[in-house]
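Below, each chain spelled out in residue letters.
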Amino acid sequence: MKAVCWMGVGKMSVETLPDPEILNRRDAIVRITSTCICGSDLHLYNGFIPTMEQGDIMGHEFMGEVVEVGAGVDRDKLKIGDRVVVRFTIACGNCFFCKRELWSCCDNSNPNYWMAEKLLGSSPSGLFGYTHMMDGYAGGQAQYGRVPFADVGPLKIPEGIPDDKVVFLSDIFPTGYFGALNVDIKPGDTVAIWGCGPVAQFAIRSAFMLGAERVIAIDRFDYRLRLAEEGGAETINYEQVGDVVETLKDMTGTRLMH
Amino acid sequence: MDGYVKFRPAPAGRGTLVIARVLYRPPGGAAARAVAKMLGKDPKFMMRQDLRRFKALIETGEIPTIDGQTHGPRSVATAAMRLADPDRPIRGDAEMREILNAKRRIA
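Keeping their order, the protein sequence lines are chains A and B.
For the first sequence, this note's numbering assigns the number 1 to the initial residue and increments by one for each residue that follows.
For the second sequence, this note's numbering assigns the number 1001 to the initial residue and increments by one for each residue that follows.
Think of the hints as simulated: they come from the structure by calculation, not from any bench.
Every residue, glycine too, gets a C-beta built ideally from N, C-alpha and C.
It is possible that part of the hints are untrue.
Unchecked claim - Each pair of labels, with its calculated beta carbon distance range:
id, chain 1, residue 1, chain 2, residue 2, range
1, A, Pro187, B, Gly1068, 24 to 34 Å
2, A, Gly195, B, Val1035, 42 to 52 Å
3, A, Lys11, B, Tyr1024, 16 to 26 Å
As the list claims (entries may be wrong) - Some residues of chain A that are not near chain B, with every Cβ distance over 10 Å (derived):
id, residue
4, Ile32
5, Asp56
6, Leu102
7, Asn108
8, Ser109
9, Tyr137
10, Lys156
11, Glu213
12, Lys249
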């Protein structure tokens, strides 16, 4: 298969490699149909996060078709032919944290937890394609991927929905949604969002889903502001107004809740 | 070598506490112990890793691993380190030293 490999700081290359294989009973192999480059992949590209290794396969936002499942995978939950979006956090489904649905804190999926504890204070779960302190699982910017604990993470997608409508469920849509969720939006609220990058675009749409009446999006790039408008937001180009806070007060009669 | 393993119920139905106490005096004295730590073979750290693997096996039915997964071309230094010690996370140069220091502090 072909895969995008991290070959050193600032160096990426597409390599032809052996296809992944089942290594554990609860693994599955996915033929990847869509994959994304995350903004956080730039931190690896630029060398800001240690414990990458030359030859590591990049990518933690991917989806595809299940082509092989290990003997320990519950067939009621996942079987060959299923179309799935793979969540980027690897969760075992059995530990203290997984039982409380705190999947990103799974304390079984990252045997290199002690490296993350040193650098971050505590360790998250294992992650796809995101350094060896998250255990160095091969990523999804490839034609095939190995998915550990495959009866827990992958989300089954019905036929008829195109990839580009669902692939964002792997990471970026939940990230934007979580941001909106964290400000405790009540029906009728007005929400201002600083920055209109990809995560913010999902935060804008999530804010409306959570009941916001108005969303005011702030950026300086017209193409991002236009995309925010398409999502229903009012916009402020901060290079064209004197004072963003004063502008917000004028727009909302000081009733800006978030 | 001497020691014991205790299994004790955790409070409020939160599972089982596993407590392992191993008395082990590695041969070679303090110098050997320092070298063992450098190589990631400090007994306390290895014991902790064994307990984590045991916990994973009991809870999930398997021991999580990336050994054997497909990857791109490794550097010569990485490949040599992997060959010398398959358990050790791979990393060359300064970052590996940083991580080994962390391992020593934990141990």
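Hints, verified against the model:
1. For Pro187(A) and Gly1068(B), the Cβ-Cβ distance of about 52 Å falls outside the hinted range of 24 to 34 Å, so the restraint is violated.
2. As the Cβ distance of Gly195(A) to Val1035(B) is approximately 51 Å, the hint placing it in 42 to 52 Å holds.
3. Checked against the hint of 16 to 26 Å, the C-beta distance between Lys11(A) and Tyr1024(B) comes to roughly 44 Å, which is inconsistent with it.
4. With a closest Cβ-Cβ approach of about 13 Å to chain B, Ile32(A) is found to remain outside the 10 Å limit, as its non-interface label requires.
5. With a cut of 10 Å on Cβ distances, Asp56(A) falls inside the contact zone with chain B, its closest approach being about 6 Å.
6. Distance check on Leu102(A): its Cβ is at least 14 Å (rounded) from any Cβ of chain B, clearing the 10 Å threshold; non-interface status holds.
7. A beta-carbon of chain B is positioned within 10 Å of the beta-carbon of Asn108(A); the least distance is around 4 Å.
8. The beta carbon of Ser109(A) sits about 5 Å from the closest Cβ of chain B, which is not more than 10 Å, so the claim that it is off the interface is violated.
9. Non-interface call for Tyr137(A) relative to chain B: violated, since the shortest CB-CB distance, roughly 6 Å, does not exceed 10 Å.
10. Non-interface status of Lys156(A) relative to chain B is upheld: no Cβ of that chain comes within 10 Å, the nearest being about 21 Å off.
11. No beta-carbon of chain B comes within 10 Å of the beta-carbon of Glu213(A); the shortest separation is about 43 Å.
12. Even its closest Cβ contact with chain B, about 48 Å, leaves Lys249(A) beyond 10 Å, as expected for a residue assigned away from the interface.
Comparing the model with each earlier hint shows violations of hints 1, 3, 5, 7, 8 and 9; every other hint is respected.
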